[in-house]
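Protein chains: 2
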Amino acid sequence: MIDIEEAYDILFDNVRPGPVVEVELRDALHHTLAEPIRCDVDYPPFDRSTMDGYAVRSTDVRDSPVLLTLVGQIPAGTTWSGSLGEGEAVQINTGAPLPDGADAVVRVEDTQLVEDGARVRIETAVAPGRFITRRGTYIAEGQTVIEPGTRLTATAMAAAATAGESRPRVFERPTVAILGTGDELIAINKRPQGAQIRNSNQYLLEALITSADATPKLLGVARDDRDALREKITGALQADAVCITGGISMGAFDFVPEVLEMCGATMRFRKLTIKPGRPTLFATGPDGTPVFALPGNPGGAFVAFELIVRPALAIMEGRPAAAPKTITAALCGTLAPTSARRTYIPARVTEETRDHRVEAGATQRTVTPLSWHGSGDSIGMTSATALVVRPPNAAQVADGEDVAIHVLEAS
Amino acid sequence: MIDIEEAYDILFDNVRPGPVVEVELRDALHHTLAEPIRCDVDYPPFDRSTMDGYAVRSTDVRDSPVLLTLVGQIPAGTTWSGSLGEGEAVQINTGAPLPDGADAVVRVEDTQLVEDGARVRIETAVAPGRFITRRGTYIAEGQTVIEPGTRLTATAMAAAATAGESRPRVFERPTVAILGTGDELIAINKRPQGAQIRNSNQYLLEALITSADATPKLLGVARDDRDALREKITGALQADAVCITGGISMGAFDFVPEVLEMCGATMRFRKLTIKPGRPTLFATGPDGTPVFALPGNPGGAFVAFELIVRPALAIMEGRPAAAPKTITAALCGTLAPTSARRTYIPARVTEETRDHRVEAGATQRTVTPLSWHGSGDSIGMTSATALVVRPPNAAQVADGEDVAIHVLEAS
Chain A
1 MIDIEEAYDI
11 LFDNVRPGPV
21 VEVELRDALH
31 HTLAEPIRCD
41 VDYPPFDRST
51 MDGYAVRSTD
61 VRDSPVLLTL
71 VGQIPAGTTW
81 SGSLGEGEAV
91 QINTGAPLPD
101 GADAVVRVED
111 TQLVEDGARV
121 RIETAVAPGR
131 FITRRGTYIA
141 EGQTVIEPGT
151 RLTATAMAAA
161 ATAGESRPRV
171 FERPTVAILG
181 TGDELIAINK
191 RPQGAQIRNS
201 NQYLLEALIT
211 SADATPKLLG
221 VARDDRDALR
231 EKITGALQAD
241 AVCITGGISM
251 GAFDFVPEVL
261 EMCGATMRFR
271 KLTIKPGRPT
281 LFATGPDGTP
291 VFALPGNPGG
301 AFVAFELIVR
311 PALAIMEGRP
321 AAAPKTITAA
331 LCGTLAPTSA
341 RRTYIPARVT
351 EETRDHRVEA
361 GATQRTVTPL
371 SWHGSGDSIG
381 MTSATALVVR
391 PPNAAQVADG
401 EDVAIHVLEA
411 S
Chain B
412 MIDIEEAYDI
422 LFDNVRPGPV
432 VEVELRDALH
442 HTLAEPIRCD
452 VDYPPFDRST
462 MDGYAVRSTD
472 VRDSPVLLTL
482 VGQIPAGTTW
492 SGSLGEGEAV
502 QINTGAPLPD
512 GADAVVRVED
522 TQLVEDGARV
532 RIETAVAPGR
542 FITRRGTYIA
552 EGQTVIEPGT
562 RLTATAMAAA
572 ATAGESRPRV
582 FERPTVAILG
592 TGDELIAINK
602 RPQGAQIRNS
612 NQYLLEALIT
622 SADATPKLLG
632 VARDDRDALR
642 EKITGALQAD
652 AVCITGGISM
662 GAFDFVPEVL
672 EMCGATMRFR
682 KLTIKPGRPT
692 LFATGPDGTP
702 VFALPGNPGG
712 AFVAFELIVR
722 PALAIMEGRP
732 AAAPKTITAA
742 LCGTLAPTSA
752 RRTYIPARVT
762 EETRDHRVEA
772 GATQRTVTPL
782 SWHGSGDSIG
792 MTSATALVVR
802 PPNAAQVADG
812 EDVAIHVLEA
822 S
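Residue numbers (my numbering), protein chains in the order written: chain A, 1 to 411; chain B, 412 to 822.
This is chain A alone, in the form it adopts within the complex:
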């Protein structure tokens, strides 16, 4: 029985990033970058107009109003091959490259076409560089756009595309085998008889693994029999990681460490001083494959996944080793004193107006523990967006006091 800090030390020592692969950029979404993405051009690649108007030489318009001769037109997407001489202007659109010779743009609303469009009357002076984004303002050729270890989100995809990175090198998504155990588990479309329990953990874990950017692989349920379990675990060890959930049968669960050792696995930890989630086991297979045996009760499986499995999968995906972050929120309700185990309570984070503050509309993060009946209750934790974290032997907490929470990643 070890505490959660020690568990992280063991976990981070025994889980390694997966292989690096090169993929099409669009297939790299939500993968973690293995090598920096550098921009292969200055961006923007030319001095660019930020307005519709006229490209001018700023010295020509210093004493506006002045009349300039219109010598060309540059819609976005086109270039103008000439060079702007003294007393000349070129009509330019937003996004178009500034022509040679020009050093500023006058907005169309500050101008007037005259002489059937042969000349343009410039009403205002402009400083050099006005309404221009200089080449390389956003990024210069060769600079790093995205650092390795970054998870590629939508805005990162846009940056990578701009940088010309069509085949980034990323960490492969791990495949995670899901294996239930216990003769009492039945399919969810069956009505439980006697002591039977629907296999809700399979659905919980499949969704959690998906939300952790990994690929779930359903291996069904191993019956309470050493040989059956051994066969299933041998198959599961072909995946990149394994999540086993016990039934709620103590007898059945006890087979797992024994059979894992028969399969050549090394036990790393077997029990944690947390509630729920105490019987959480971490082992590594003969090739180092991480194996997690989670409690059979849904609350324990959920909490153990969030605390242990999700950080492990993040490492396999190439992200930094890190425990879930703790932040604080104002408690909505009260909390009783806790036992000697670190306690996690499914809760919902909301934003409330801070009526004690002067600023109109200022909001404050609050957290409301869910009406949850404990580790066996798969219904009461449905809308959880956070876990309230209570230290061992904590005192009671009054309404409005700060409590520590882990905000859960969207799942």
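Rather than coming from a laboratory, the hints here were simulated on the basis of the structure.
Just so you know, not all the hints are guaranteed correct.
[As the list claims (entries may be wrong)] Quick list of in silico lysine to aspartate or glutamate cross-link-like pairs, DMTMM-like style, CA-CA up to 20 Å:
id, chain 1, residue 1, chain 2, residue 2
1, B, Lys-601, A, Asp-40
2, A, Lys-271, B, Asp-463
3, A, Lys-190, B, Glu-435
4, A, Lys-190, B, Asp-453
5, B, Lys-682, B, Asp-414
6, A, Lys-325, B, Glu-820
7, A, Lys-325, B, Glu-762
8, B, Lys-682, A, Glu-109
9, A, Lys-325, B, Glu-763
10, B, Lys-736, A, Glu-351
11, A, Lys-190, B, Asp-438
12, A, Lys-190, B, Glu-433
13, B, Lys-601, A, Asp-27
14, B, Lys-601, A, Glu-22
15, A, Lys-271, A, Glu-261
16, A, Lys-190, B, Asp-451
On the provided structure of chain A, position chain B as indicated by the hints.
This is chain B only, laid out in the frame that chain A set:
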């Protein structure tokens, strides 16, 4: 030119939920529920032991220590068909059904087996109901487990599975066509020449649409030609919704409203008093298909997606019509006064220790505007997790003051 509140009125009047379909539970992840999920059994389905120990009649152990006769054994997953008589006990495991006649459980650590296991010595008295979760404690048969309009997350999957809902009725995910416009757009693996620009918006929108639980459909780029655009838009209107991004060419962009009208679409709004994102157009096709024409610059496309397209897709997916929520955060840095347009600034939300507060470790949400060069800059917005929202004609904001933000959904 309308403001954002008016835009939401128009949007919410013109976007409707999509069709309802029945799917396998595991395929329902991240869909929105169309009909309530009710539990088809009491849960737990029986009075359940929460401990390993002995099922007893509490009246028998009132004057502990006492000796009881051991008459059976109930591992989890099994039932015991007998009925517990006076002076009898049954060995029971966590999760197992309480036998008839028993009304409490004594923990194994408070007992001792004697006479070769024929009898058990009970050391402590227990109250009726001790260490038992009563049948139906979590939910009673027929009660609603998940309300319609709920997005099905991992914990909701567990609850639905427990309730026996193997084929929920959910709203179909919309397919969203993505169409770029502009002769200057090139594939990202080409090096831009002259006025060319890589088509980064396609990658941005594909990822944003995916993150909004919809299915992107890439239609490529329409060249700056009315006939080409008409053909592409006619094809796009076969999807459930359409996102068009202009090039940065004003000329090309101006074709879009005209061609949309040629295709039988009705204009709903054409410009918004927001920055970036002013040239955001919303129309509905002949069959009511929502069409969004977003600015060609990446900042404008990103902000317009988050403000307009994401809430519209949420409605199509069966969720409530709602503008992005505004909360507050302490500004890290300073902000200049704003123009007459409502201004959005890509930013990063972090948690900082509140050193002015007494509680050890209390944290506060802070927001740091990114080093972003404006709407054309697709690099500087890469790590945005929020948009700072500045009202029209807002004063400057000093470091540490509260500002309004939209926290962005994970993308």
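Checked hints:
no., hint, result
1, Lys-601(B) x Asp-40(A), "holds (10 Å)"
2, Lys-271(A) x Asp-463(B), "holds (17 Å)"
3, Lys-190(A) x Glu-435(B), "holds (14 Å)"
4, Lys-190(A) x Asp-453(B), "holds (14 Å)"
5, Lys-682(B) x Asp-414(B), "holds (9 Å)"
6, Lys-325(A) x Glu-820(B), "holds (18 Å)"
7, Lys-325(A) x Glu-762(B), "holds (10 Å)"
8, Lys-682(B) x Glu-109(A), "holds (18 Å)"
9, Lys-325(A) x Glu-763(B), "holds (12 Å)"
10, Lys-736(B) x Glu-351(A), "holds (10 Å)"
11, Lys-190(A) x Asp-438(B), "holds (19 Å)"
12, Lys-190(A) x Glu-433(B), "holds (18 Å)"
13, Lys-601(B) x Asp-27(A), "holds (19 Å)"
14, Lys-601(B) x Glu-22(A), "holds (18 Å)"
15, Lys-271(A) x Glu-261(A), "holds (16 Å)"
16, Lys-190(A) x Asp-451(B), "holds (10 Å)"
The structure fails none of the hints (numbered hints given earlier).
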